[in-house]
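Asks: These are the residues of each chain, in order.
There are 2 protein chains.
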Amino acid sequence: MHRYPKAGLQNLAAQLAGGTGVPPEDAALFAESLVDADLHGVPTHGVSRLSIYLKRIEAGLIDPKAALTIDRRTGSVLALDAGNGLGQAQARKALDLLMPLARQNGVATATVRNSQHFGALSWYANYAAGQKMVLLAMTNGEPAMSPAGGYEAFFGTNPIAASFPTGKGFPVKIDLATSTVARGNIIAAQKRKAAIPEGWALDRDGNPTMDASEALLGTVLTMAGHKGYALALMVEMFSGVLSGAAIGPDVGSMYKHLDRKQGVGHFFCLFHIDAFLDYAEYLRRMDETIDRIKTSKKRPGAEEILVPGERSARTAELNRAQGIPVSDETVAEIEQWCSRLKVAFNCHEVFC
Amino acid sequence: MHRYPKAGLQNLAAQLAGGTGVPPEDAALFAESLVDADLHGVPTHGVSRLSIYLKRIEAGLIDPKAALTIDRRTGSVLALDAGNGLGQAQARKALDLLMPLARQNGVATATVRNSQHFGALSWYANYAAGQKMVLLAMTNGEPAMSPAGGYEAFFGTNPIAASFPTGKGFPVKIDLATSTVARGNIIAAQKRKAAIPEGWALDRDGNPTMDASEALLGTVLTMAGHKGYALALMVEMFSGVLSGAAIGPDVGSMYKHLDRKQGVGHFFCLFHIDAFLDYAEYLRRMDETIDRIKTSKKRPGAEEILVPGERSARTAELNRAQGIPVSDETVAEIEQWCSRLKVAFNCHEVFC
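So the protein sequences, as listed, match chains V and F.
Each residue of the first sequence is one higher than the one before, starting from 3 at the first, in this note's numbering.
Each residue of the second sequence is one higher than the one before, starting from 3 at the first, in this note's numbering.
Next up, chain V with everything else stripped away, as it sits in the complex (with noise of 0.2 Å):
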């Protein structure tokens, strides 16, 4: 494990997707969403995943220099097209375009299609937050999950985000993939050869096993059973088919289709505090929301009460002190590809 600061492993980061190709305002906007990712704790998401992206665009399968383009407008809502780029990029660029009719309108919401893996919510979170907004977002993935009564993967495991600014310092931030499960954590179970819990997944001939390997060539399960189906399902339809996008087993895998694009899909809601009630209002009830929560009683054994995003706030305040962690394997991914593209590794390691 190694400690970076976050100007320098964000700086390194858009050095090498540039050169890629990828122009130096989408780079920027990559390598922030890819280190408030590691920031917040959220490694899967973070610079790890930053030779699969440089992998997909020298392949071509991700065009570095794509726009994101206006399929329909109309009022408070963006049809985009990103145009098969950077998810992050193109995602936040949409959410530049949605924030002055959330302004004017109180409600905007935009759909995009023909865009990849977006990475963690946080970062977003925090950008709408710090615009007096509430964000709703939605993502379609590679299919992992299927149907309740089914088995064939059809379904990603369609994740649900909204954030709430609140006074409290950090925004409250619910982000949830709708499966039981992330399949790291099956991964994970496959290197110990641990077993895995029931309830967690299907072989591939749609039988419950409690077998890490057989569990990875079938599906995950949704999380509550047919509740889960039904909210994966939700996110599939405003996020695939509204959008125009590759709906489920359509959709591309980022790791295993090295010949084909992902056509993902996002559906993104911005609503502005100050069109429903007072800002000062709104933080009043939020905060004391917040307070009664972490004070009411708690359970036997629970030490203390958490509201979403709380945790994950105290890691990037750590983080951002004590350095970045990044494992072992990732720096030595990022120093192959510093010497591939002739890029300096030019961040210093934080040694506390």
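Treat the hints with care, since some could be wrong.
Pairs involving identical chains hold if they fit within one copy or between any two copies, as the list cannot separate such chains.
As the list claims (entries may be wrong) - In silico BS3-like pairs for lysine-lysine, Cα to Cα no more than 27 Å straight-line: (1) 296 - 263; (2) 296 - 258; (3) 344 - 8.
Everything labelled a hint here was simulated from the structure, so no lab data went into it.
Use these hints to put chain F onto chain V, whose structure you have.
Replies: Okay, now just chain F, sitting in the frame of chain V:
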């Protein structure tokens, strides 16, 4: 069990509401919502609730003549005050106010405060779908669930609902409480003197319990642990905090608190499909997605893969033909109200 024709039952319910002072237009909406719930196989939200609504009106806890007023209007956002009127009538009128805004701006959002339980989603879903609109709806409710790590009833079973028009004769209709199970299932287990499964509820000291009576004194668990907590919180923030309604433990109970108002808050978002893509193209994409889901491989033992909304549409078809089922207990309650309000029980049973 008795079965009644839809029109007759609806007329009777409207007359009874009228008898407690609800004006004809609102009484018709209210009755239509209740009977529509029964029609779609959701009797918990149907005429079985007529009695408690009438009781609350008579007790001065619901204002039968309440107007729906606009607290604030910004572009496509309406912050509404239901004036403590009937949730069903006020929510439907809120949708009527939103529809022209959604048609004009592609998206429109309303919050509603000072409201009551607004009934079942089917009614709103079919209404929005008929206007080529996607509906997203949330509502808070009387305290039943605790935050993860806590055991004080804080959140309602805070449902999330969304509906999408299709070319299949029914809208896709997602409608789920964020609890593991409806409280009604625990009440049913108590009546049967049966144990409840692990993971459904906590007792009043915050310990897991399989005893239905203990569970009813405690709290229902959120679906999927902390994910359900996060979703319940999201619903509370959209429909409680943002709306100016009562929040969490301050929401009154319909059955338990016969001395105070409920103060429920709702959140609605309407999306006009034409703003995103051509409606014909939308329908093609939607129907193809449904077909692919339904024809995907079935798990061993699974007879059919359903999409959310399909089963309730079948139930409605059956009930439309055979008459709407009403329990003996509910018929007796309605008879009592007829005699009390001097309304003739002029609805003739259907005998199949």
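Asks: Does each hint fit the structure? Answer for all of them.
Replies: Here is what the structure says about each hint:
| no. | hint | in the structure |
| --- | --- | --- |
| 1 | 296 - 263 | between (44 Å within a copy, 26 Å between copies) |
| 2 | 296 - 258 | between (43 Å within a copy, 26 Å between copies) |
| 3 | 344 - 8 | within (22 Å within a copy, 75 Å between copies) |
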